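Colleague: Sequence:
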Amino acid sequence: SDSDGSISSGESSLHGQPAPIRCRWKMCGEWFTQLESLASHVTHVHAVSGKGGLFYCGWEGCTRGDRGFNARYKMLVHVRTHTNEKPHQCFQCEKSFSRAENLKIHARSHTGERPYVCPVPGCGKAYSNSSDRFKHTRTHSVDKPYMCKVPGCPKRYTDPSSLRKHVKTFR
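Under this note's numbering, the letters of the sequence shown match residues 43 to 213, in that order.
In case anyone wonders, no lab produced these hints; they're calculated from the structure.
Among the hints, erroneous ones may be present.
Pairs of lysine-lysine, DSSO-like flavour, derived with a Cα cap of 27 Å [as the list claims (entries may be wrong)]: (1) K167 - K177; (2) K177 - K197; (3) K116 - K137; (4) K93 - K116; (5) K186 - K207; (6) K210 - K186; (7) K68 - K93; (8) K146 - K186; (9) K68 - K146; (10) K116 - K197.
Since we're looking at a predicted model, the values are computed, not measured.
Let the sequences and hints guide you as you build the complete structure.
Modeller: Here is the structure:
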């Protein structure tokens with residue numbers, strides 16, 4: 043397991059058998075031979091509402107602390123960050139996702155669908171997801187606070203992820 047208490051992918055034991063998986067919910071520790079069984083266990087045993095009708099993650103080492111979820115399904119999706127469960131699989135490639143919405147966005151990489159069009163008149167650029175469109179739309183503004191710190195490089199960016207991508211070109 044990783045230092046944050048999450049289950050490492052591909053853990054295996056001797057003789058090619060899958061390694062047993064322990065539920066790391068506080069005060070539990072039950073063992074499972076399959077990730078699906080652990081997921082079912084968490085859903086049916088631990089996903090109960092707590093104080094204020096909220097749902098709390100009880101996974102050991104969870105940094106979320108006592109910030110509850112207002113819906114059971116949101117807490118269960120969060121628990122996948124600990125178990126590395128990715129039940130939503132792409133039919134066209136090997137990729138799997140923890141959230142159905144992420145699979146839907148990924149599927150557009152196969153279809154070429156780009157429903158998110160830049161709202162700036164005359165631009166016309168389109169994206170497969172709203173966050174990429176949002177990042178692009180900011181390029182039309184003059185505010186580019188993220189600047190490259192490499193001596194002699196004048197590049198500036200509207201968001202930190204674009205700057206990180208640029209910095210990797212120097213490595």
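Colleague: Next, verify each hint and record whether it holds.
Modeller: Status of the hints after comparison with the structure:
no.: 1; hint: K167 - K177; in the structure: 12 Å, holds
no.: 2; hint: K177 - K197; in the structure: 16 Å, holds
no.: 3; hint: K116 - K137; in the structure: 22 Å, holds
no.: 4; hint: K93 - K116; in the structure: 16 Å, holds
no.: 5; hint: K186 - K207; in the structure: 15 Å, holds
no.: 6; hint: K210 - K186; in the structure: 19 Å, holds
no.: 7; hint: K68 - K93; in the structure: 17 Å, holds
no.: 8; hint: K146 - K186; in the structure: 31 Å, violated
no.: 9; hint: K68 - K146; in the structure: 33 Å, violated
no.: 10; hint: K116 - K197; in the structure: 39 Å, violated
Hints 8, 9 and 10 from the list above are not met by this structure, while the remaining hints are.
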